[in-house]
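Enquirer: Now for the letters of each chain:
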Amino acid sequence: MLFPTLEFAVFFLLVWSIAWKLSEHNFQRKIFLLIASYFFYSTLDLRFLPILILAPMMNFFIGLWIGIEEQKKNKRWILIFGIILNLMVLGLFKYYDFLIRNILDYFPISLISDLLGDSPFLEWTLPLGISFFTFQGISYIVDIYRDELSYKNSLLDVLLYISFFPHLVAGPIVKASEFIPQLKTSPESEKIPLLYAIILICFGLIKKTIFANYLGSDVVDPIFENPEKFGSFDVLFGIYSYAIQIYCDFSAYTDMAIGFALLLGYEFPMNFNQPYRSISLSEFWRRWHISLGRWLKNYLYIPLGGNQKGTSKTYRNLIVTMVLGGLWHGAAWTFIFWGLWHGVGLAIERRYFSFDSESKVKNLMRTFLVFNFICIGWIFFRAEDAGKIASIFSRLINGSFGTVQITTFHFLLFVIGLSFHFLPPIEELEFGKRFKFDWALYATGVAVLLTIIIGLMPGGVSPFIYFRF
Amino acid sequence: MKIRRIYFNFKETKYFLIVFTLFAFLINLTSLNSWLENKEPGFHRDNFLKLTKVLSEIGTTYKTSFLFQTVQQARINWVPKNINNERLVFGLNLESENRRPTTISNTFSLPPLINSLSQDILEPSNSEDWNSLDELLKSDQSDGDGGNSNGMGSLVIGDSILKSGLKEHIERFYQKYFPAMRVRIRAQSGTGLSRPDVFDWISYIKNEPGKFNDVIIFLGTNDAQNLFVDNQVINFGTREWNQYYSLRVKELIRSSCNKSGRVVWVSSLRMRSETLDKKLAQLNKVVQTEIEANPSCAVFVSVEKWFTKKSKFTENWSFENKGVRKNIKIRSDDGIHLTFKGAEIFAQKLIEKIYE
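Line by line, the protein sequences are chains A and B. Heads up: the first sequence begins at 1 in this note's numbering, then just goes up one per residue. Heads up: the second sequence begins at 1 in this note's numbering, then just goes up one per residue.
Bound-form chain B, shown alone (with noise of 0.2 Å):
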C-alpha cells in the first residue's frame, strides 16, 4: 500500500520546530527544574539551577504550567501505585463460603500504604495458624528495650535488593534452620531512607505490630542520591549530606531497637558501575560509622567484600558442590541486583554470619 505523506519544505519544518520549542518550553517551566534538581551536582547544574527556579516560581505565578501541573496531579491521585498494594477494583474471594465478588465500592481512595504491604507475610500451611498468628500479633503489647527472648522471630526490611530472589532464599533458610522462628519479610523496590515521600520505613517500622529477636535491614542501594529536606536540595556527597542520612539512620535504629533484641545492618553489595559503587562505598561508611559511634543494639555486617574478584565487582562465582566445582552467574545483567542463584548463596552465607 502507498504510503501517503504530507511533506513541508525546510522552512515550515523550521517555523514548526522553534514555535513548538517555544510552546512548550513555557507551557513546562516547572517541570524544567524538577528535571534539573535530579541531575548530578556539578557547575553548570547548580548554575541552571537558580534559573530554572526563576523560570519555576514564574510559571507559577502566570500559571503557564497550569496544564502540566494539573496532569501531573492527576496522575498521582488517579493513577495507582502496582498491583500488590493497590485498591482493588473487584475482590473475588473464590475460596470463600458464599463466593461472591467483593465489590470496593470506593475505588479512587487509596488504603494506606503501610497497612497494604500484606503480600509478603510467610503465609502460615493453614488458616487456623493464621489465626493464632494474628492472635499472637495483637496480644504481644510489652513495653521495654524490645529484646525479648519471646519475641516473634525476624523482621527483614529492604529494597529491590531483597525483593529479587533473596526474600525466598531467605524464608526457605529459616524454615529449614530455625523452623520454631518465623520471619516477617517486607520488600519495597526503589526505596531507602532517602526518600521518604515514597516510602517512610521509619513509619513502617514503628507501625509494625508486634516484637521481633532481630530486624534486618537491606536498605542503602537506593540512598545514592540527593536528599530533599525542606524544599532544600541536599547534595549527596556533602558533610551535610552524611549528617541528615546519618540522623535517619539513627530513628530507623532507634525504632527498630524498640521492636527487637539486635538490629542487623547489611551494607550494599559491590556494582558494576564503578560510579555507583563509589556511592555506595561512601553511604556504606556513613552507616557504619553511625552504628558504630552510637551503642545501640545495631550491628553493621559489611559484605562489600562478598564475592568479589580482587576486591573488584564479579558478576560470576565458582565454588565446590558435592565435590564438585560448578560456576554461576550470581549477578544480574544490569550489574546491581542478584540473580536467584546468586540469592541463594548470599541468604546462606547471610544467614551463617548472622547466628554464627
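Same shape as in the complex, but just chain A (with noise of 0.2 Å):
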C-alpha cells in the first residue's frame, strides 16, 4: 500500500492507536511496530519479507562480532566482510544483469559466453527498498566500528531500525547512531508535536497527489517520450518540469514518512532543504536527500581519503563517490553519466570558485546557472538511454520553436512548485502559536484539506519515483 491511499490511512490509524496504548511497554511496543513493519511491506511484495528479516539479522550479528573483537585489525576485516555481504545483496539483485549484459557486450568473447551459458542473467525482480536497507544496514556495522554506536543491541531494536516502515522503501537513509538510541525507551505520551506532523503530511500530500502526478504524467512523460513531437520551448520547459515533479515526489515521501514517525513519538532527520535555492552545487548536496548524501560522505567520501589526500585526490574522492552514487539509483549508464556529471561538476567548482557573500543579485545569478546545472543532469536521470538524451539535447539545441503548448494550469504548477523552494520552511512558520485555534477546528479543518486533495487527484496515484531505487 503506498502512503497517499485510504489503505495506508486505516492502516496508519489503527498502528497508532495500539502503539500509544502500548507506550507504557516499550518491549511490547516495538515488537508490535516491527510486525506493522512487516505487514506493511508485505502488502507491497510478500516475496522479499525473508530478505528484510535475514539482512538485518546478518548486520546485527556481524555488529556483534566487531563489538565483541578486541583487535582493531580483526574489527576492520570483520567490517569489510559485513560490508562486502551486504553490497553483494545489493548487487545480486539490482547490478549482477547490468554487469552480464555489458561484460557480453563489450567483451564478446566466446569463452565467457559459454561460461555464462544460455541463460546467463538471473532476471531477478528488485525488492522495493533494498538500496535503502542495505544502506541502512552497512551504518549499523560501520557506527559500531567507529564506536558511535554501541554494539549491545538487542535484535528487536535492530529489525525495527532497518523495518520500520515509515522510512523502510524510500528513506530518509536514518543513521543507526541516530535512531537506536531513541528505540531505547518509550518515547513521551504527552510530547506528539501533532500539527507540525500533520503539516508535514498534508503538505506532502499535496507535493505527491497534485504537483508531481500532474506534472509527471501530463508534461514530463510525453515530452521525454517523445521529444521530437515537441519545440524547444516545451522540451526546456519539460526538463524544467521534471526538476520540480522529482523534487516533489521524492520529498512528499520523505516529508510524509518524517510526519508519521513523528507521530509515532521517532524523529527522522530532515531530508530535503530547498535545494534549488542553493547558489553552489555542494549546496546542493547539503539541501538534496540530505541523508543520501551524509550516508557517501560519512561512509564512502570520507573513507577514501576525503580532502586529506591532497587535491587531485580530492578530486578523484569527489567523482567516485558522485558516480557511486548515481549507479546506486540504478544499474544503468545514464545513472553513472548523472553521478559523473555531479562529481566532475563538484570538482571544478571546487578548483575554480569561491562562494564568500556576494551580492543578491550576483547570489541570484549563482542560483539560477546551478539550477539548470542540474536541470542537465536530470536529463540523463530521467531519460531512457543515450538516444533520449540525444533527442533532448537536439531538440533543446536546434532551435526549433513552432507551437509552444505549455498550458496555465501546468506553468501555475512548475511556479507554484518551485516557489516551494523560496517561501520560509514549514518549521518556521510556527503555525500552532500563530493560528491559536481548539484541537478541534484543526481536525476539522485537516479533514475538508484533505477532502479537497482527493478531488483534486487525477485517477489513481503513480508510485513515488524513489521506490524504484
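Simulated from the structure, these hints should not be mistaken for laboratory data. Note that the Cβ used here is the ideal one computed from N, Cα and C, for glycine as well. Among the clues, some could well be false.
Said to hold, decoys possible - Listed next, the in silico DSSO-like pairs over lysine-lysine satisfying Cα-Cα at most 30 Å (straight line):
#: 1; chain 1: A; residue 1: Lys229; chain 2: B; residue 2: Lys353
#: 2; chain 1: A; residue 1: Lys388; chain 2: B; residue 2: Lys312
#: 3; chain 1: B; residue 1: Lys353; chain 2: B; residue 2: Lys279
#: 4; chain 1: B; residue 1: Lys176; chain 2: A; residue 2: Lys229
#: 5; chain 1: A; residue 1: Lys152; chain 2: A; residue 2: Lys72
#: 6; chain 1: B; residue 1: Lys63; chain 2: A; residue 2: Lys184
#: 7; chain 1: A; residue 1: Lys388; chain 2: B; residue 2: Lys63
#: 8; chain 1: B; residue 1: Lys310; chain 2: B; residue 2: Lys278
#: 9; chain 1: A; residue 1: Lys21; chain 2: A; residue 2: Lys191
#: 10; chain 1: B; residue 1: Lys250; chain 2: B; residue 2: Lys310
#: 11; chain 1: A; residue 1: Lys229; chain 2: B; residue 2: Lys341
#: 12; chain 1: A; residue 1: Lys388; chain 2: B; residue 2: Lys349
#: 13; chain 1: B; residue 1: Lys309; chain 2: A; residue 2: Lys388
#: 14; chain 1: B; residue 1: Lys341; chain 2: A; residue 2: Lys388
#: 15; chain 1: A; residue 1: Lys229; chain 2: B; residue 2: Lys349
#: 16; chain 1: B; residue 1: Lys353; chain 2: A; residue 2: Lys388
#: 17; chain 1: B; residue 1: Lys50; chain 2: A; residue 2: Lys184
#: 18; chain 1: A; residue 1: Lys21; chain 2: B; residue 2: Lys11
#: 19; chain 1: B; residue 1: Lys349; chain 2: B; residue 2: Lys312
#: 20; chain 1: A; residue 1: Lys191; chain 2: B; residue 2: Lys278
#: 21; chain 1: B; residue 1: Lys310; chain 2: B; residue 2: Lys349
#: 22; chain 1: A; residue 1: Lys184; chain 2: A; residue 2: Lys75
#: 23; chain 1: A; residue 1: Lys388; chain 2: B; residue 2: Lys305
#: 24; chain 1: A; residue 1: Lys229; chain 2: B; residue 2: Lys206
#: 25; chain 1: B; residue 1: Lys279; chain 2: B; residue 2: Lys250
#: 26; chain 1: A; residue 1: Lys21; chain 2: B; residue 2: Lys14
#: 27; chain 1: B; residue 1: Lys63; chain 2: B; residue 2: Lys206
#: 28; chain 1: B; residue 1: Lys341; chain 2: B; residue 2: Lys279
#: 29; chain 1: B; residue 1: Lys250; chain 2: B; residue 2: Lys349
#: 30; chain 1: B; residue 1: Lys53; chain 2: A; residue 2: Lys191
#: 31; chain 1: A; residue 1: Lys21; chain 2: A; residue 2: Lys184
To be verified - Just a few of them, taken from the derived set where beta-carbon distance is under 10 Å, the chain A residues facing chain B:
#: 32; residue: Thr5
#: 33; residue: Trp20
#: 34; residue: Asn102
#: 35; residue: Leu104
#: 36; residue: Leu195
#: 37; residue: Pro222
#: 38; residue: Asn226
#: 39; residue: Glu228
#: 40; residue: Ala332
Got two chains here, each in a separate frame; can you build the complex from them with the hints?
Expert: Here it is as C-alpha cells:
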C-alpha cells in the first residue's frame, strides 16, 4: 500500500492507536511496530519479506562480532566482510544483469559466453527498498566499528531500525546512531508534535498527488517519450518540470515519512531543505536528499580519504563518490553519467570557484546557473537511454520553435512548485503559535483540506519515483 | 535554527484523530464507493461495496459529499488533459509570415478529443506534401468494404506500449521497407476498450477520415480491469465480462474493416507480474476467440511467445548482429513496456510478420 491511499490511512490509524496504548510497555510496543512494518512490506511484495528479516539479522550478528572482537585490525576485516555481504545482496538483485549484459556486449569472447551459458541473466525482480535498507545495514556496522554506537543492542532494535515502515522503502536513510538510541525508551505520550507532523503529511500529500502527478503524467512523460514532437520551449519546460516533479515526489515521501514517524514518537532527520535555492553544487548536495549525501560523505567519501590526501585525490574522491551515488539509483549508464556529471561539477567548482558572501543579484545568478546545471543532470537521470538523451539535447539546441504547448495550469504548477524553495520552511511557520485554534477546529480543517486534495487528485496514484531504487 | 513545535498530549492527539477521521469519513462518503469499486473483486470487497453504495446514496441525498463532488467537478472542467491534446494558452507560430502570437480566446473549452490528436501524424518533409496529404484525405470518399488497393497505407492505433518507442520504429521501418506507403499512428497512454469514458477508440475509428490498406491495433494491456456498463460493475474474468468485451472488440473490428482491407490485432505481450500476465492471457484468448469465430477482415497476431525464455517473461534478449552476439534489455523496469531497443527488435519482427 502506498502512502497516499485510504488503505494506508486505515492501517496507520490502527497502528498509531495500538502503539500509543502500549506506550508504557516499550518491548511490546517495539514488537508490535515490527510486525506492523512487516505487514506493510508484505502488502507491497510478500516474496521479499525473508530478505527484509534476514539482512538486518546478518548485520546484527556482524555488529556483535565487531563489538566483541578486541583487535582493531580484526574488527576492520570483519567490517569489510560485513560490507561485502551487504553489497553482494544488493549487487545480485540490482547490478548482476547489468554487469553481465555489459560484459557480453563489450567483451564478446566466446569463452565468457560459454561459461555463462544460454541463460546468463538472473532476471530477479528488485526487492522494494533494498537500496535503502542495505545502506542502513552498512550504517549500523560502520557506526559500531567507529564506536559511534554501542554493539550491545537487542536484535529487536536492529530489526526495527531497518524495517520501520515510515522510512523502509524510500528513506530517509537514518543513521543507526541516530535512531537506535530512540528505541531504548518509550516515547513520551505528552509530547507529540501533532501540528508539525500533520502539516508535513498534508504538504507531502499536496506535493505528491497534485504537483508530482500532474507535472509527471501531463508534461514530463509525453515530452521525454517523444521529444521530437515538441519545440525547444516545450522541451525546456519539460526538463524544468521534471526538476519540480522529482523534488515534489521525493520530498513528499520523506515529509510524510517524517510526519508519520513523529506521530509515533520518533524523530527522523530532515531530508530536503529547499535544494533549488542553492548557490553552489556543494550546497545543493547539502540540501538535496540530505540523508543520502550524508551517507555517501561519511561512509564513502571520508574513508576514501576525503579532502585530506591532496588536491587531485580530493577530486578523484568526489567523482568516485558521486558516480557510485549515481549507480546506487539504478543499474544503467544514464545514472552513472548523472553521477559523473555531478562529480565533475563538484570537482570543477572546488577548483575554480569560491562562494564568499556576494550581492543578492550575483547570488540569484548563481542560483539560476546551478539550477540549470542540475536540470541538465536530470536529463541523464530521467531519459531511458543515450538515444533519448541525444534526442532531447537535439531538440533543445536546434532551436525549432514551432508552437508552444505549455498550458496555464501546468505553468502555474511549475511556478508554485518552484516557489516552495523560496518560501520560509515549514518549521519556521510556527503554525500553532500564529493560529491558536482548538484542536477540534484543526481536525475539521485538516479533513476539509484532505477532501480537497482527494478531489483534485488525478485518477489513480502513480508510485513514488524513489520506490524503484 | 531551533525548530519550535507545539506539543499535544496523547489524549488531545487521540481526539484530534477521532474528529478528523469521523469528519473526513462524513464528507467523503461517495469517494469511498468509487475507491472500492476499483478494487479487485472478492468476498470482502463485494460485501463492503453494498455498504459503501448505501453510504454514497446518503452522501448524495444529504449533500455531505458536496465539497468532494464540487472539487472533483472543478478538476474535470478546468484541469487540462495533457500537454499534447490540450487547448493552447497561447499559440506562438514563429514560422508563420506575420509571426504574431495567436491567442485562443476561450481557454476553458476543450476541443473534441478526437480532433486534437494531431501530433502523431507522420509529418511530410515539406509543406507541399502536407497540403496534398490533406487534399487526399478529404477527397477519398469511397464507400464499400474498405478494402482498397489504392488505400492510404496503414493506420496504427494503440496504448502506451505503442507510444513508448514502438511508434518511432514502426515509422522508420515503413519508411525503409515501404517508402511509398503512408502510415498514420495514434497512440494514447492508459487507454483500451474497457473505459470508453477515458478514450473511445471505436468512435475514433469511425470518425477517422480516409481509407487504409491495414489497421493495426495494439490494445488490451490496459483492459484487464472491471467494466462499467449502465452504472453496473462487470467483474473481470466473468462470463459477462467476456461477452461485453467481445462486443467491443467486434465493434472496433467492424469499424476498422469499414476503413481498410485488413485489420491486424496484435496481442498483449507477456508481463513480469504473474497476476497481470494471467489476466492478459485470458483477455488475449477472448479477443482471439472473437476474431476467429466471426469472419471478418481481421487477423489475430499472437506475440505471447515472442521474446520469452522457457515460455516465461524475460527482460533480456540476446541476438546476433553482424556475427557479434549482443545482449540488450528489451523490457523496461516496470516489467510492462518495451525499452527503446526492445521496441526496435519487436517492430522489425512485427512488420516482417504482418507483411510476410
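Enquirer: State for each hint whether it applies.
Expert: Status of each hint after checking the structure:
no.: 1; hint: Lys229(A) - Lys353(B); result: holds, 28 Å
no.: 2; hint: Lys388(A) - Lys312(B); result: holds, 29 Å
no.: 3; hint: Lys353(B) - Lys279(B); result: holds, 25 Å
no.: 4; hint: Lys176(B) - Lys229(A); result: holds, 20 Å
no.: 5; hint: Lys152(A) - Lys72(A); result: holds, 18 Å
no.: 6; hint: Lys63(B) - Lys184(A); result: violated, 49 Å
no.: 7; hint: Lys388(A) - Lys63(B); result: violated, 50 Å
no.: 8; hint: Lys310(B) - Lys278(B); result: holds, 16 Å
no.: 9; hint: Lys21(A) - Lys191(A); result: holds, 15 Å
no.: 10; hint: Lys250(B) - Lys310(B); result: violated, 33 Å
no.: 11; hint: Lys229(A) - Lys341(B); result: holds, 20 Å
no.: 12; hint: Lys388(A) - Lys349(B); result: holds, 22 Å
no.: 13; hint: Lys309(B) - Lys388(A); result: holds, 28 Å
no.: 14; hint: Lys341(B) - Lys388(A); result: holds, 11 Å
no.: 15; hint: Lys229(A) - Lys349(B); result: holds, 25 Å
no.: 16; hint: Lys353(B) - Lys388(A); result: holds, 27 Å
no.: 17; hint: Lys50(B) - Lys184(A); result: violated, 46 Å
no.: 18; hint: Lys21(A) - Lys11(B); result: holds, 11 Å
no.: 19; hint: Lys349(B) - Lys312(B); result: holds, 19 Å
no.: 20; hint: Lys191(A) - Lys278(B); result: violated, 50 Å
no.: 21; hint: Lys310(B) - Lys349(B); result: holds, 20 Å
no.: 22; hint: Lys184(A) - Lys75(A); result: holds, 25 Å
no.: 23; hint: Lys388(A) - Lys305(B); result: holds, 28 Å
no.: 24; hint: Lys229(A) - Lys206(B); result: holds, 26 Å
no.: 25; hint: Lys279(B) - Lys250(B); result: holds, 20 Å
no.: 26; hint: Lys21(A) - Lys14(B); result: holds, 11 Å
no.: 27; hint: Lys63(B) - Lys206(B); result: violated, 40 Å
no.: 28; hint: Lys341(B) - Lys279(B); result: holds, 26 Å
no.: 29; hint: Lys250(B) - Lys349(B); result: holds, 26 Å
no.: 30; hint: Lys53(B) - Lys191(A); result: violated, 40 Å
no.: 31; hint: Lys21(A) - Lys184(A); result: holds, 18 Å
no.: 32; hint: Thr5; result: holds, 9 Å
no.: 33; hint: Trp20; result: holds, 6 Å
no.: 34; hint: Asn102; result: holds, 9 Å
no.: 35; hint: Leu104; result: holds, 5 Å
no.: 36; hint: Leu195; result: holds, 5 Å
no.: 37; hint: Pro222; result: holds, 5 Å
no.: 38; hint: Asn226; result: holds, 8 Å
no.: 39; hint: Glu228; result: holds, 8 Å
no.: 40; hint: Ala332; result: holds, 9 Å
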